[in-house]
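Chains A and B are the protein sequences, given in the same order. Residue numbers for the first sequence follow our numbering, so the first one is 22 and each next one is one higher. Residue numbers for the second sequence follow our numbering, so the first one is 39 and each next one is one higher.
Worth flagging that the hints you see were computed from the coordinates, not collected in a lab. Heads up, some of the hints might be wrong.
[Stated by the list, open to error] Examples of chain A residues toward chain B, derived with CB under 8 Å:
#: 1; residue: D55
#: 2; residue: S76
#: 3; residue: P170
#: 4; residue: T245
#: 5; residue: Q247
Quick caveat: nothing in here was measured; it's all calculated off a predicted structure. In this text, a Cβ means the ideal position worked out from N, Cα and C, and glycines have one as well.
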Amino acid sequence: MRNNILPRVVAIGVISAVAVATAGSAGAATPAADPGVSKSEIVIGTTTPLTGPASPGYKDVAPAANAYFTYVNSKGGINGRKIKLVVKDDQYNPALTKKVTSELILSDKIFALYGALGTPTHSAVVADLNRRGIPDIFINTGGVSFDSPKKYPTTFPYFPSYTVEAKVMSYYIQNDATLNAKTKCLMYQEGEFGDNAMAGFNAAGLSFATTTSYFSGQQVAPFTSQVTKLAQANCDLVVFFGVTSATAQLLGTAAKAGFRPTWMVTSVGSDPSVLSGSLGAAANALLAGVYTPSFLVPIQDTTNPYVSQMKAIADANGLPWNFYTYYGINTAYVLAQALKAAGPNLTRAGLIDALQTKAATFRSAAVVPMNISAKSHQGLTGYWMGKYNTSGQVERLTPYIMTATSAASGTAKQATFKPGAPTSKLLP
Amino acid sequence: MTTFIDYLLGGVSSGAIIALMALAIVLIWRSTRVVNFAQVGQAMFTTYVALTVRDATGNWIIALLAAIAAGAVLGLVVHWLVIRPVKRVDTSGAIIATFGVLISLQALAGMLWGGDTRGYAPPVSNDGIQLAGRIWPFSWYDVLVIGVTIALVIGLTLLFTRTNIGLAMRASAFNPEVARLSGVRVSRSLAYGWILAGMVGAIAGVLVAPTSQVSPNSFDILLVFAFTAAVIGGLDSLVGAVTFGIGTGLVISLVSGYSDSSNAPVVALVLLALNLLLKPDGVFGHHHSRAV
Chain A
22 MRNNILPRVV AIGVISAVAV ATAGSAGAAT PAADPGVSKS EIVIGTTTPL TGPASPGYKD
82 VAPAANAYFT YVNSKGGING RKIKLVVKDD QYNPALTKKV TSELILSDKI FALYGALGTP
142 THSAVVADLN RRGIPDIFIN TGGVSFDSPK KYPTTFPYFP SYTVEAKVMS YYIQNDATLN
202 AKTKCLMYQE GEFGDNAMAG FNAAGLSFAT TTSYFSGQQV APFTSQVTKL AQANCDLVVF
262 FGVTSATAQL LGTAAKAGFR PTWMVTSVGS DPSVLSGSLG AAANALLAGV YTPSFLVPIQ
322 DTTNPYVSQM KAIADANGLP WNFYTYYGIN TAYVLAQALK AAGPNLTRAG LIDALQTKAA
382 TFRSAAVVPM NISAKSHQGL TGYWMGKYNT SGQVERLTPY IMTATSAASG TAKQATFKPG
442 APTSKLLP
Chain B
39 MTTFIDYLLG GVSSGAIIAL MALAIVLIWR STRVVNFAQV GQAMFTTYVA LTVRDATGNW
99 IIALLAAIAA GAVLGLVVHW LVIRPVKRVD TSGAIIATFG VLISLQALAG MLWGGDTRGY
159 APPVSNDGIQ LAGRIWPFSW YDVLVIGVTI ALVIGLTLLF TRTNIGLAMR ASAFNPEVAR
219 LSGVRVSRSL AYGWILAGMV GAIAGVLVAP TSQVSPNSFD ILLVFAFTAA VIGGLDSLVG
279 AVTFGIGTGL VISLVSGYSD SSNAPVVALV LLALNLLLKP DGVFGHHHSR AV
C-alpha cells in the first residue's frame with residue numbers, strides 16, 4: 022500500500038503543474054476578453070421606463086443616447102468599434118428591472134450598463150452588477166446611496182445628488198436677502214427622494230416654518246390639503262421636491278386656491294415641455310418666476326457649441342428638443358469619451374480606471390466640475406440657480422456655481438468653473 | 039376654523055371624483071357580479087377618445103358624448119371578447135381577466151397616443167370661488183362634478199328599481215339560471231350592464247381628467263381609492279359607493295392636513311380592514327335579501 026502512494030502524489034503534482042502552466046500561458050498570450058467587446062463592437066445596455074406612469078419625459082433619454090451612438094458609429098466608432106445600445110423597458114418597476122437587467126447580462130452579454138434610471142429600480146440590481154464586476158455608468162438618479170466606491174466600486178452616478186441640490190438651494194436662499202426674509206416652507210415627496218433632500222437642508226441649517234409632503238401617486242388628485250396647510254402658515258417661499266407631474270398638480274391646485282408664494286422647484290421636477298403638456302396654455306404663466314437649479318448650459322442657448330451640436334443630433338433623428346434628449350445625448354457623449362480613454366485594449370477594469378483617473382478631462386455641456394476618483398464616485402458636484410421667464414425658459418441667475426458634497430454635514434460654497442470647449446464635431 | 043373648512047371642501051371635491059369611479063365599479067358588480075379592475079383602464083381609454091375629439095372640435099360636450107359612446111362600445115367589446123368566454127369557466131377567472139384587459143388597454147393607449155402626460159381643460163372655471171373676502175378651495179367645476187354624480191346616482195337607482203331592464207339586469211347578475219327560466223335574456227342583460235358601466239366610467243374619466251392628468255396610467259391610484267369606497271359601501275349599493283367615495287376623499291384630506299400625507303393610505307386601509315371585520319357586507323350592503 023505504502024508503495025502506491027508516491028506515484029499518485031507525483032501524478033497529482035504533475036497534473037496540477039501542467040494545469041497551472043497551461044492556464045498561465047493561455048492568460049499571458051491572449052487575455053480572456055470581457056463580455057460584450059469584440060474587435061468591431063461594444064455592447065452597452067440600459068434600463069429605463071419607456072412606458073408606464075414614470076415614462077413622461079424619461080422615455081426620451083435612451084433614444085437620444087442611441088441617436089448619439091449612431092452618429093459616432095457613422096464616423097467610425099470608438100477605437101474602431103461600433104457601439105450597440107440595447108434598451109430595455111422596465112416601466113419604473115423594480116421587479117421588471119431585475120428581469121430585464123438579467124436579460125442584458127445573460128443573453129445580450131453586455132460589456133457595461135449605462136444610464137439605468139430610477140432610485141428604487143436601480144437599488145434592485147446595483148449589488149448584483151457590482152458583484153459581477155459590470156461597469157454601471159452614469160445612472161440616472163440622484164440617490165445618495167449609489168455614491169459609494171467601497172460598497173459599489175463599479176457604479177458611477179452622473180448628476181448631482183438630491184442632497185447636493187438641497188444644500189445649493191439653501192445656500193442661494195440664505196444669501197439672498199429678499200428670499201431669506203420670506204416665510205420659508207417645504208413640500209417633498211415621501212421616501213428616499215425626500216429624505217436625501219431633507220438631509221441637505223438640515224446640513225445647511227435652513228429651517229422651514231412648516232413642512233408638508235405627498236406620497237408618490239397622490240398627485241392624481243388635487244393637493245388641496247397640502248396647499249391649505251402652506252397657505253395657513255402664510256408661507257411666501259415654498260421649496261418643492263417632487264416629480265414633474267406633482268409640480269404640475271401643485272402649481273394648479275395653488276392657483277385654484279389663490280395661493281401665490283414664490284416657488285423653488287427641484288431640477289428633476291420642472292421640465293417645461295412636460296409641464297406645458299399637462300398644464301396646457303396656463304403652464305408658462307404658472308411657471309414664470311419659479312426658481313430652479315440646473316447644471317447644464319441653458320437648453321435655449323443655441324449659440325453655445327454644445328447645445329447647437331446636440332440639438333442637431335436630436336433634430337436629425339426626429340427627437341424632440343427637451344431637457345431629457347439634451348441630457349441623454351450629453352451623458353452618451355461623456356461615456357463615449359470614457360470608452361475612448363480606456364484605450365484600444367478595452368476591458369471593464371480599464372473603463373473603470375479611465376473614469377477614475379481621467380474624468381477631469383472629459384468634456385460635456387455640464388457647467389459644474391465632475392468629481393470622480395477612486396475615493397469618490399460623486400459625479401457632478403453642483404448647480405447654478407435659474408428662474409423661469411414668461412416663455413417657459415430657465416434663465417441663469419448666478420454667474421457663479423454652487424458646489425457641495427453628498428455628505429450629511431457641510432454646506433454648499435460658491436465656486437467658478439470654466440468648462441472646456443467641445444471636442445471636434447462632438448466626437449470622442 | 040377656516041383651515042378645517044378648507045380641508046373639508048378639498049376632501050369633498052377630490053372625493054366626488056373617487057365616488058364617480060366607485061360608481062362604475064359597483065355598476066359592473068351589480069349587473070354582472072364581476073369586479074372590474076379594468077374600469078380605470080376603460081375610463082382612461084375613453085378619455086383619450088374625448089381628448090382627440092375635443093382637439094378636433096374644441097367642444098367639451100361633443101367630446102363627452104364621444105367618450106360615452108366609446109365607453110359603451112368598449113364595454114360591449116370587453117364583455118363579448120373577454121369576459122363572456124372566460125366567465126363560462128368561472129367567475130374568478132373573469133376577474134383576473136379584467137387585469138389583463140387593464141394592462142392591454144394601457145399598452146394600446148401608449149401606442150396610439152404616446153406616454154406623455156396631457157392636460158384636459160375644464161369646461162367651467164376651476165378657480166376657487168371668492169366669497170366673504172377670501173378664496174375657498176371649491177370651484178364651479180367641483181359643483182359640476184358633484185351635480186353630475188348626484189344625477190347619475192338618482193338616474194341609475196331609478197333604472198335599476200323602476201324599469202324592466204333594470205330588474206332583468208339585477209336578476210341576471212344575481213342568479214342567471216333562475217332568470218333564464220323566468221324568460222330573461224340573460225346574455226343580453228349582462229351586455230347591458232357592461233355597456234352601462236362603460237358609459238358611467240367614461241363620464242367619470244372625462245370629469246376626473248381636468249384635476250388629474252391624462253396618461254395611460256394616470257387613473258391607476260384612483261382604482262385603489264375607488265375600490266376601497268365601493269367595498270366599504272357594500273359593493274352593490276350606488277348610494278354607498280358615492281357616500282364612501284366622498285368619505286375616502288375626506289379622510290385623505292383631513293389626515294394629510296392634520297398629520298402626514300403618508301398616513302392617509304394607511305388610515306384608508308385600516309378603515310377598510312375594520313369594515314371587513316365588523317361589517318363584511320359593507321355598510322350599505324344587502325346581504326340578507328340575498329341569503330334567502
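Check each numbered hint from earlier against the structure, then list the numbers of those it violates in ascending order. 1 and 3
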